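Position in the sequence shown (from 1) plus 4 gives the number in this note's numbering.
Derived from the structure by calculation, the hints contain no laboratory data. If you're wondering where the values come from, they're calculated on a predicted model, not measured in any experiment. Glycine included, every Cβ here is placed at the ideal spot set by N, Cα and C. Any given hint might turn out to be false.
Derived CB-CB ranges, DEER-like [stated by the list, open to error]: (1) Thr-619 - Glu-217: 51 to 61 Å; (2) Thr-619 - Gln-228: 35 to 45 Å; (3) Val-317 - Ser-144: 36 to 46 Å; (4) Glu-536 - Lys-716: 36 to 46 Å; (5) Lys-150 - Asn-548: 12 to 22 Å.
Lysine-lysine pairs mimicking DSSO-like chemistry, simulated, CA-CA at most 30 Å apart [to be verified]: (6) Lys-648 - Lys-338; (7) Lys-356 - Lys-182; (8) Lys-688 - Lys-716; (9) Lys-404 - Lys-493; (10) Lys-356 - Lys-510; (11) Lys-130 - Lys-614; (12) Lys-404 - Lys-362; (13) Lys-423 - Lys-101; (14) Lys-304 - Lys-510; (15) Lys-695 - Lys-304; (16) Lys-716 - Lys-510; (17) Lys-338 - Lys-510; (18) Lys-493 - Lys-525; (19) Lys-615 - Lys-533; (20) Lys-404 - Lys-525; (21) Lys-342 - Lys-200; (22) Lys-688 - Lys-605; (23) Lys-493 - Lys-462; (24) Lys-362 - Lys-200; (25) Lys-648 - Lys-688; (26) Lys-525 - Lys-450; (27) Lys-423 - Lys-183; (28) Lys-533 - Lys-716; (29) Lys-436 - Lys-418; (30) Lys-304 - Lys-614; (31) Lys-605 - Lys-648; (32) Lys-648 - Lys-615; (33) Lys-510 - Lys-20; (34) Lys-712 - Lys-688; (35) Lys-76 - Lys-20; (36) Lys-436 - Lys-362.
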Amino acid sequence: MLISPPFLTGETEENKILENGLRPVDSRESTTSAPEGNFPVSQSLLWHTGMHLQAPSADNGYASARAIADGKIIYVNKARTRVTDAADGQAYNPFGKEASWTDNGMVIIEHETEIGAEGNTATTVKFYSSYMHLSEIKSSITEGQKIYRKDVIGSSGCVYLHNGQCELAISCDDDNLKKIIGRDLAWQDPTTAPTKDGRTDAVFGDIYIYLPETTPTSTTAPTQHLRDKPAPAAPPSAAAVAPTAAANTLAAAQWVKINFDTEGAAPGSCAITTYSTAGVKIGTCDPEGDFEYNLYTEAKRRHDRAMQTTGTVSSPSGWYELLRFGRNIGTSSKAEDKDPLPSNAAHWRQIKTVAGQKIWADLNAPGTFKFSDADFLPMMGWNCYGDDAQPDDQRCDSAKMKDLIADPQDPGSKSDNVKLAARIGDPAVLPKLARTICKFPNEWDKSTIAARYECLRKQPDQPDDPEGWAEVIKHLQVMGLAGLPADFKAAQWHFHPAEFVRHFRKCEWLSQDEIVRIIRKTVVDNKGKEAETFTIAHVKNNLNNSSNTRPANLHNALQKTVRKYRMGPRRRTAHLFAQLAEETGRLSTMVEGGPDSYFNKYEPGQPEGKKIGNTQPGDGIRFKGRGIIQLTGRTNYENFGNYKDASFLTDSAALSLATHADLTCDASGSYWASKQRYNLDSKKHLVPNGKLSINYWADQGTTNADAKNLTKCINPGTVHFDEVRWPCFEHAWHALNDATVAPTNFQPILA
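Build the full structure now, drawing on both the sequences and the hints.
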């Protein structure tokens, strides 16, 4: 999913992009210390659909409001021109008698995208973003129109004369929420121990592993990576005794989080953080430098050690997934779609215990369970609040929400809305509200708005003021919106919009439409002219259908490979698709071209054949280049077979690298992860140049020189760099990043 804040200011650092683009407004309401327009509840403990954001300053006043993701505009309410008549309902002032102003421009966008796949079936989700209190909407913004992420929608407006504000809201319906969070919609106790692994269709962000108290531990780094078979159980004792923690076990259950983005450490590192079973952060071990870059060699090392045990069925690929995901997820939930991994494989890593002690623990021991950010774990604060007993009014009557907000030192405060509202902005409460997913009707529906706010008038502390209440109703009616789409009104589950954006920035799975967006419309031909125009239909045909040089179902296989080998961070993705533009003709062909006679130069005894390990007659054509980054030669085919615990040395097996999408992509993904460049030193000895994995070179930057350096990992001669690879990199990088000024090389496919 490609998603960004509604305000973009040219920042390139992730923290600053999110801070500037998702800044809450100041607290001004006397009944609560929370930011004005807070989510999900605000003053008087009323449900609040979205979150008021403060637009950053710009040369012309305030930064423009932009679409957070690709989608379709389904509703536009043009902003009304400001008036200064205090009697006008839109000029209502809750803080005094003079005229105020609240803008009512609103745009609603329907987004349909993908966050993963089970086998060849994509996990498609639909959600809505709405932008309220706009003072101006671009004239080109019309209902039914396609809109792209970063496109300008309009200008932020006023909320009670507070300038530069916009209310962003995110919502979805029941069915889509189930697909988004991958579980039941009931509130779940965050302290309850899990009993099974999380979802495998969508896996993104950090990896979380639950460790029971029986988890094996060691004070030193173990050298064996297979667990011993459990000893026979002892006969039951006649007298019941309280169980005690076994020696060399964790003794107390906990969670660990595995982070490959290193949370500020050097690229390629890995950090493991400990949490209590209640979700309290305990501490982080020192990041393991280059752990991610070295995943391929570490997986192979552990596999080789395991294979010393007779009868072991194993593969480096299976171990790679264990180290990457904490489990072997394969390409689907079916056992036959997973590469071999011993059933007693141990995943020893150094962690901190809940007591703060550094130890080694087996993160794959019996009773451990694995998840990712795609599971929206209650332990990490994510929960559904759909228990409002009176959903037809605007007041929050969710008992679970009140439990979350109430002062634990004042149990009676749960029934006191004034006290509850006062706690919303408390540092112990406000961060927790960000991960609540709440069910209530949209607040802007004109047909029900007066009835829903009637609860305000009936509050015990509300003075009897019919005239004042009439002004409130007048204001509500003028702010209410008629004709809201039925599907939008049915989307009654609301996310904290800033947290939704932050969370799904971690989801690196790209939908087919998003892949269309990052593929350049044309490439430069040998005459220096833009040529070979692609259409949307052309790209989607390449992603879904087979040809004599391309397998079917390429899209999901490609995205699973990107996920497995961590090519998903946006800079890496841009570099990958720049290379694929040349290597595959923008995903058109995965087989090296040429007549049969062309491959004679790769036969045994020929200089080119010797370079790639060809030893048998026919090896030249048998091991022609295949894959999204073409694997060539007997040596590379043999290495890939060893990696998968398979053989690709026969004619039919070698051909499968071009006919089976998962192999087409994984062959190239494993090459990407295992590539080490070399230079000759002064003594003509080969010495490593850079670190293992092409990801290392992708992490170096986005300049022309950075792209050319990476190209040398794949094509040392940098063939067609200026004509194809560099223009396609600049295009993909702009489609993926948060810059608002497009380079000349940005040439999107629009039809």
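In ascending order, which of the hints set out earlier in this document are inconsistent with the structure? Per hint list: 3, 4, 7, 11, 12, 18, 19, 20, 25, 26, 27 violated.
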